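*Asks:* Here's the letter readout for the chains.
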Amino acid sequence: MNLVELRDVTVQFGAVRALYGASLSIQRGEFVVLLGSNGSGKTTLLRVLHGLLAHQGQRHQLGDAPRQAMVFQRPFLMRLSVLNNLRLALWLGGVPRTAWADRCWAALRRVGLQGLERRPARALSGGQQQRLALARAWVVQPQLLFLDEPTSSLDPSAKREVEALLAGFAAEGMTLVMSTHNLGQAKRLATRVVYLEGGEIHADLPVHEFFNGRLQGRAQQFLKGELTW
Amino acid sequence: MSAFAASVATAVDLIVHADPALRRIVALSLQVSGSACALAALIGLPLGAWLAVARFPGHRMLVLLLNTALALPAVLVGLVVYLLLSRSGPLGAWGMLFTPTAMVIAQTVLVLPIVAALTRQFVGDALRDGGDQLRSMGASPLTCGLLMLLHGRWAVMTVLIAAFGRAIAEVGAVMIVGGNIDGFTRVMTTAIALETSKGDLPLAMALGLVLLAVVAVVNALLGMVRRGHGSALAGVR
Amino acid sequence: MVSRSAARLRRALLAAGTALVVLMPLHAVAQDKAIVMASTTSTEQSGLFAHLLPLFKKASGIDVKVVALGTGQALDMGRRGDADVLFVHDQAAEEKFVADGFGLERRAVMYNDFVIVGPKSDPAGVKGRDVVEALKKLASSKAAFISRGDKSGTHAAELRYWKAAGIDAPADAVAGYKACGCGMGPALNIAASANAYVLTDRGTWLSFKNRADLGVLVEGDKRLFNQYGVIVVSPAKHPHVKKDLAQAFADWVVSPEGQSAIASYRINGEPLFFPNAGS
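Chains as they are written, first to last, in the numbering used here: chain A, 1 to 229; chain B, 1 to 237; chain C, 1 to 279.
Since the hints were derived computationally from the structure, they do not count as laboratory data.
Keep in mind it's a predicted model, so treat the numbers as computed, not measured.
Keep in mind that the hints are not guaranteed to be accurate.
No farther apart than 25 Å at their CA atoms in a straight line, the calculated lysine to any residue pairs in the SDA-like style are these [as the list claims (entries may be wrong)]:
| id | chain 1 | residue 1 | chain 2 | residue 2 |
| --- | --- | --- | --- | --- |
| 1 | C | 237 | B | 89 |
| 2 | C | 33 | B | 27 |
| 3 | C | 243 | C | 73 |
So the derived list for chain C, only partly shown, Cβ under 8 Å to chain B, looks like this [to be verified]:
| id | residue |
| --- | --- |
| 4 | 36 |
| 5 | 185 |
| 6 | 188 |
| 7 | 210 |
Derived coverage of chain C by chain B (criterion: at least 3 residues anywhere in the stretch with Cβ under 8 Å from a Cβ of chain B; other residues may be distant) [what the hints assert, rightly or not]:
| id | region |
| --- | --- |
| 8 | 44-56 |
| 9 | 65-76 |
Cβ atoms here follow ideal geometry from the backbone N, Cα and C, with glycine treated the same way.
Given these sequences and hints, build the entire structure.
*Replies:* Below you can see the structure in the form of structure tokens.
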């Protein structure tokens, strides 16, 4: 079933057209990867899907508004302890206070940060901060999780940890939409790949079809690494 | 040079003997300026946060007025508050002229722009960094602004120190609305002005040094509070 | 890392301290048995009030809060109703104040005298007992003269003496004339550093510490006597004026008790003010 649907969405920042005529819908249970180089419109598309940006065209949320969360490339953590950052998310998410303690404990275990509750969030390493951001998203039990290049600024081992967590979330039934320019990551995690270039969607295919070598045009050139970064 | 040395000696002497008149003056200075700071914080911190998020017609004009108010001369503020509180003025019935309360009001008006304008600036900067992420978590725009006050609490402290410094060092406003009444509305700065006008310059200088010493102690205490919180913050960005 | 309870305690202390700081000055708004007296800077700086007012408080239980300004500003304060009683020294202006209906009655209280101080070497040769002659000599010399120029009683007196010497606009006619728009103390400071002549009341001079090379050159002229009056502000224009308490002060200061209190105020054994109520 459709969770979010976009029809002919255009986003303009002053003279720059970041997204043009985008139409797609996200189904429950999918792991959609938005693929493209920098400036292709992936981040803009993500933000429109999440509801953060003004746009022309239509955006529908179907069913009861699904609970959403988003993880950004560089997480913004408040100058508070790890635990209080989670509590803030719970408070903003309207979760009843009685559920907080259990959810926080579970979230920290899930991402492997148990024992670090009192640590100032900003004192964590880059990889730990991103895992905290994931915990912060997970703790409100979202049905739909958006991620904007979540591993771009991480070292390889941290990257692997995060990918494992994301695979785990997907296995639990969460719907994920993630942007990346890492082909291997897309191949490993996605059920569906949407390729963007110049603010337009050029391809939208199930993952096997995207990577089976029979792709045409710009998308194929991207895969082959012929397009500039 | 010997006049300066004499002043330092007098200042030390005043502090050591803790003359009751001096103690009263110092206490009143701290109370008046401290209260003004507290009031300015109560109004100015939310105001600054709101200005950082709000968008409405006339927003630019309001910010311009606020930034201009940073340069309000203390004497002018004193004059305006005096005319408001004067018996022949609109608020004369309150009978507040020549009382410490009037001095608090005048100094609050004086430092409120500092608190609001500087808060608007650092909250605005913080929102550029993380406003989106807070909105993504479900915070309303105003809640984002207020959360940035919590996030930037050390910046808040610096802003309040600046406001306190401006308040405790000014003489124009408290002189006019307080009247420098002996034993009632005399504070450090008006006492310095009085001794200067009487020609007792060494005493005036000494009182000035005492004022600086008092402010130094206040700042040192605040620094201790900060370090107490900061002991575990090694490596924090 | 600071423990939870220590952090909570610190927060509570901060809150309590803030509350105390905010509330403390506010209690002073409601204060009965106190009046506001507008007087002049020269009178306050002479130290008379520090001597006189505690005696009045003991006799009546009334607190007198003195706001010291120039005579002109003090009268303005009375007109605005911001003072309950006036204690100034400009008879003409005081009588006009009462005639205009702002004050109830003017009563003489005491007098002090003005003196002309200047460089001990006296380049303009003004030394003597005649103030008008002294000013004539100053006008024709190039010596510097500092005027307060601030609408004060002293300034008004100074202008009267110039007029008596035939000079209506001393700023134009006198070569070395400089008006500072300031109080007596700063004017003396300027005179001391510029080695100039200046008209001052004896009280401020006696307590002035920064004399440099200045000394008293002209004194004793009857015209140099400076009369003080006390006026209760009229409740007709400003009903809230504490008329009864103000009247108590006015009555006391002209009573034998008040008059002897004035006479007993001395600096280095010298009296500054001479009580003359009833004259």
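*Asks:* For each hint, tell me whether it holds in the structure or not.
*Replies:* A quick look at each hint next to the structure:
no., hint, result
1, C/237 <-> B/89, "holds, 13 Å"
2, C/33 <-> B/27, "holds, 24 Å"
3, C/243 <-> C/73, "holds, 21 Å"
4, 36, "holds, 6 Å"
5, 185, "holds, 4 Å"
6, 188, "holds, 6 Å"
7, 210, "holds, 4 Å"
8, 44-56, "holds (count 4)"
9, 65-76, "holds (count 4)"
Going through the hint list in order, the structure satisfies each hint without exception.
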